[in-house]
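For the record, the sequence lines run as chains A and B.
Per our numbering, residue 218 is the first one in the first sequence, and the count goes up by one each step.
Per our numbering, residue 3 is the first one in the second sequence, and the count goes up by one each step.
Don't read these hints as lab results, they were simulated from the structure.
You may find that some hints are simply not true.
When the alpha-carbon atoms are kept at most 27 Å apart in a straight line, the in silico DSS-like pairs for lysine-lysine are as follows [stated by the list, open to error]:
(1) A:K283 <-> A:K293
(2) B:K78 <-> B:K117
(3) B:K51 <-> A:K352
(4) A:K347 <-> B:K51
(5) A:K352 <-> B:K78
(6) B:K99 <-> A:K347
(7) B:K156 <-> A:K283
(8) A:K352 <-> A:K363
(9) B:K106 <-> B:K51
(10) B:K99 <-> A:K356
(11) B:K99 <-> B:K51
(12) A:K377 <-> B:K78
(13) B:K117 <-> B:K99
(14) A:K352 <-> B:K83
(15) A:K283 <-> A:K352
(16) B:K106 <-> B:K120
(17) B:K83 <-> B:K156
(18) A:K303 <-> A:K293
(19) A:K370 <-> A:K297
(20) A:K327 <-> A:K377
(21) A:K356 <-> A:K367
(22) B:K114 <-> B:K83
(23) A:K347 <-> B:K156
(24) A:K356 <-> B:K51
(25) A:K363 <-> B:K99
(26) A:K367 <-> A:K352
(27) A:K370 <-> A:K327
(28) A:K347 <-> B:K83
(29) A:K356 <-> B:K78
(30) B:K120 <-> B:K99
(31) B:K99 <-> B:K83
(32) B:K125 <-> A:K347
(33) A:K352 <-> B:K114
(34) B:K78 <-> A:K347
(35) A:K327 <-> A:K303
(36) A:K352 <-> A:K297
(37) A:K347 <-> A:K293
(38) B:K156 <-> B:K114
Computed from a predicted structure; not experimentally measured.
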Amino acid sequence: MRRRFKPSLATSYEFELDLAPLLAVMVKLVPVLLVSSAFMQVMTIETDLPQAVKEAVQKQDDVTKKTSIQLEITQKNGIKVILEEKGKATAEMVPNLSSGGFDLLSLNRKLQEIKSHHPEVYRIELAPDKNISYKELVKIMDEARKTRDKDLKFPVFDSKLNKEVETDYMFPDVVFANMMEG
Amino acid sequence: MGYKRRRPQTPHAATFGLNITSMTDMFTILLVFLLQSYSTSDVQITPEKGVSLPVSNVQINPVQSVKVSLSNSELKVGDRKIASLTNGEFSSIDLEKSDSNFIKPLFSELEKIAKEAKTPEEKEGRIMLLADSALNYGVLRKVMYTASMAGFPKLKMATAVGE
């Protein structure tokens, strides 16, 4: 019987890939990116500062019709969540952890609960004590912004798509309520 | 008679192939890293020395704004030093006697910018606060309050990206 011919792996099958053009591109691209890239990425939290007159006019308009959520933050007691609906206010306390520090998980859950009852509200008012650190304040704003529960979504009407879509954002609009106080 | 010194034999062709595979590997890794850290934002912000920005999960890119930098020791508008702080507190000379939240030098500087407004951010009253994460809200409030009074109501608080 005749043997089947097997092609031998001869050296002629081996070839070297010419990497020189690829290297030339990279040598040009790397300095461009090195110059233009920011090694520290900075983002921003947007907040409209209340101006005295504007605030007074707004308050006058808002007293009866709107729902407002306020967080009173104190280092000693924790976070007091005040929900004001149709002129009636209800307050609930999120006490500090026994180990010290704010109970951010409980705060997130509390805000989730409020958001599910009031999906139309996006604004949250913060009234922190003057000795609260900026770092802690940003953490609280982060908790108020988005839900931790990945399965929980809130309805929002998208005017561009003309339909209701779902979002994990709760209160992205932050306002400092006690900024104008003495 | 001595022996002739033996010369090392060189091949006839003086060309040699440089192995650039490892160099290409290195460049590929570098390129991936740079592309990953490449920011799509139009505005590049570098915090001042002594300002450690708080970490947040916010995903809003910065826009052109009047830059106010607040560290434990100084307050700057742009690159110009406006006031000094001692242990994260403004000195009483810089504050208005009747209103402890009002920073006089900051107000005059921002008012000047607002009056001579040329750029859109100055006309619209956009301000970016780059404050150190260790500072207290009491100090930040003074800056925010004064900025609001000087006609800069749109505040953007700069934060660092991270976990």
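Quick check: which numbered hints come out false for this structure?
1, 10, 11, 12, 15, 18, 20, 25, 30, 32 and 33
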